[in-house]
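Student: Following the hints, position chain B against chain A.
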Amino acid sequence: MNDPHRDVGAPAFTASHDPACDDAGLLRRIGQGDEDAMAAFYREHGRVVFAQVLLVAGERVLAEEIVQDTMLAVWRGAGSFRGESSVRSWVIAIARRQTRDRLRGQRLRLVDGAFLADQPGSGPGPEVMALDRAELAAVRGAIRELAPAHREVLGLAFGSGLSLPEVAGVLEIPVGTVKSRLTAARIALNRILDEKGQNR
Amino acid sequence: MNADPTDTRSPHLELGDLIAGAAGQPIGDRAREHLASCEHCRLEANRWNLVADGVRGLAAAAPEIAQPARPRRTGQRVLAGPWRRAMLAAGSAAAAFVLLVGVGAVTGLVHVHLSGPGTETTLTAVTGCAQLEQADGTLEQVNGSSLVIKTASSQLVTVTTTATTFVSMSGALLGDITDGRSVMVRGPRSDGTIQAAIVAIGQPFSAVNPPGFVPVQGTVSDAGTSGFTLVTSGGTRIPVTTSSDTLVVIPHASPGQFQAGATIFALGHAGPDGTLSARAVAAVSQLRSGGHISVSVKDCSPSSIDEALGAISATPVSGG
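Quick note, the sequences are listed as chains A and B, same order. Going by our numbering, the first residue of the first sequence is number 1, and it counts up by one from there. Going by our numbering, the first residue of the second sequence is number 1, and it counts up by one from there.
Extracted from the complex, chain A is given alone in its bound form (with noise of 0.2 angstroms):
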């Protein structure tokens, strides 16, 4: 094993690609009622969707239910969409308020507006110290226990392949407010870690 302290340098990059023709083509022909296209977009769009519902969620069958509910909407609305966001960004949006409804209906608050609020980022302490140690798998674990908001900003942000500015689309929060829920996301990961001892 490498030494957990080690630098490792700058932060991940994709090779990244721009689908969003090919996503905005299979959202016409599904307004046209074009099954194909339907398929082809579940398949390009399914799993992030059902992973992010799911993170926040938390309850597979729940999940999937939503994604269900989700793609109906797609193929629905498909004609609805105006092209203002990327299709992958519109698709998550959509599946944010199915799963918000759902969790309403279970007296869940998806977002707790005060408790989120822009809490200001600190600097290294003991909390954050402990993701320094942490290993990867004490995290997933941790982030299973984190809020649902908390979550969900970081599925959305670390899973979704949304820029901050598509996320903040997506919770219809300024930029800067995601900023600070992703902050707030992770001093609450380091708060479970360090209770948990899972650090090393």
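Mixed in with the good hints, there may be bad ones.
To be verified - Some but not every residue of chain A turned toward chain B, in silico, with C-beta under 7 angstroms: (1) Ala-51; (2) Leu-136; (3) Arg-140; (4) Ala-157; (5) Phe-158; (6) Ser-163; (7) Leu-164; (8) Gly-176; (9) Lys-179; (10) Arg-186; (11) Ile-187.
Stated by the list, open to error - Covered stretches of chain B, going by a simulated chain A footprint (3 or more residues, C-beta under 8 angstroms): (12) 48-58; (13) 224-232.
In short, the hints are calculated from the structure, not lab data. Source: prediction; values computed, not measured. Note that CB positions come from ideal geometry on N, CA and C, so glycine has one too.
Tutor: The following block gives chain B in isolation, referenced to the frame of chain A:
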């Protein structure tokens, strides 16, 4: 980044850059340069990378969405015909995936297409651990903790690493044998001189263990172009000769040490956008590019994964 000298704000990278980088979004050259020189920001980047890898790991571990045979909720509206057929088509794709995995258990090689035809990224399954996937190809670019490799089918795959990724490298890396380095030498002995077949620099791993050669551990002294003196812990000085056939293995390397053109083997978890979040990476310069090696692991344990890639690192020089 706040690089303006008259700017009294933090001199470090902005949060947006760190998050964008961890999210796989492109960051500017100035931010990249700042990262290279600022330990504070590298640590911050590492923390965000770890969080991002955690999220991606969860996403990769999410089960395939299988189309329910019937609506789960009693009284739920009947699925629209086209959508149901779409889901059935997706279900067929999932079935095909399962079939391929079944084939993979026999062949040790499964191609999993993670994205659409225009952006096809080819990863292969790993025998012995269904949770792992493998990417291999020629190193195109190193960018801090991430690598871009080109597969045999000319697809670009981004491999991300974190502080916990096992990173090794090997090849004719004689220049890395320098005075004071702790090494493990294996090779035939003649007249008290070891003709080095393998030199492992630093803490070796068990995979670097070709039969027939008793390993000798010590510290490098008098390093030169044709060999060095191995000084054992007891003070014994043993001459060691090296050649272009000597395989040098660095079991604990960093991506920044990799050489362009090296063959990269990476094991890890597939991200949602075709990236591979690596658990272990080996940069192997002694093998010709283009050849595919299917990786097998005993189980999903970290030590098994490290050993599997360690074994690849210790694969002898293939003659160029």
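Student: Evaluate each hint against the coordinates.
Tutor: Structure-based check of all given hints:
1. Checking Ala-51 of chain A against chain B by beta carbon gives a least distance of about 4 angstroms; that is within 7 angstroms, so the hint holds.
2. For Leu-136 of chain A, the shortest C-beta to C-beta distance to chain B is roughly 5 angstroms, which falls under 7 angstroms, so the interface hint holds.
3. The restraint placing Arg-140 of chain A at the interface with chain B holds, with a minimum CB-CB distance near 5 angstroms, inside the 7 angstroms limit.
4. Interface restraint check: Ala-157 of chain A against chain B, minimum CB-CB distance 6 angstroms, threshold 7 angstroms, status holds.
5. Hint status for Phe-158 of chain A relative to chain B: holds, with the closest Cβ pair at about 4 angstroms, below 7 angstroms.
6. The beta carbon of Ser-163 of chain A is positioned within 7 angstroms of a beta carbon in chain B (closest approach about 6 angstroms), and the interface hint is therefore held.
7. Interface restraint check for Leu-164 of chain A: the shortest CB-CB distance to chain B comes to about 6 angstroms, inside 7 angstroms, so the restraint holds.
8. Taken as an interface hint, Gly-176 of chain A does not check out: its beta carbon lies about 9 angstroms from the nearest beta carbon of chain B, beyond 7 angstroms.
9. Given hint, Lys-179 of chain A at the interface with chain B, holds; its Cβ is 5 angstroms from that chain's nearest Cβ, closer than 7 angstroms.
10. Checking Arg-186 of chain A against chain B: minimum C-beta separation of about 6 angstroms stays under 7 angstroms; hint holds.
11. For Ile-187 of chain A, the shortest C-beta to C-beta distance to chain B is roughly 11 angstroms, which exceeds 7 angstroms, and the interface hint is violated.
12. A count of 11 residues in the segment 48-58 of chain B with a Cβ less than 8 angstroms from any Cβ of chain A is obtained; the coverage claim is therefore met, three being the minimum.
13. With 0 residues having a Cβ less than 8 angstroms from any Cβ of chain A, the segment 224-232 of chain B misses the three-residue criterion, and the hint is violated.
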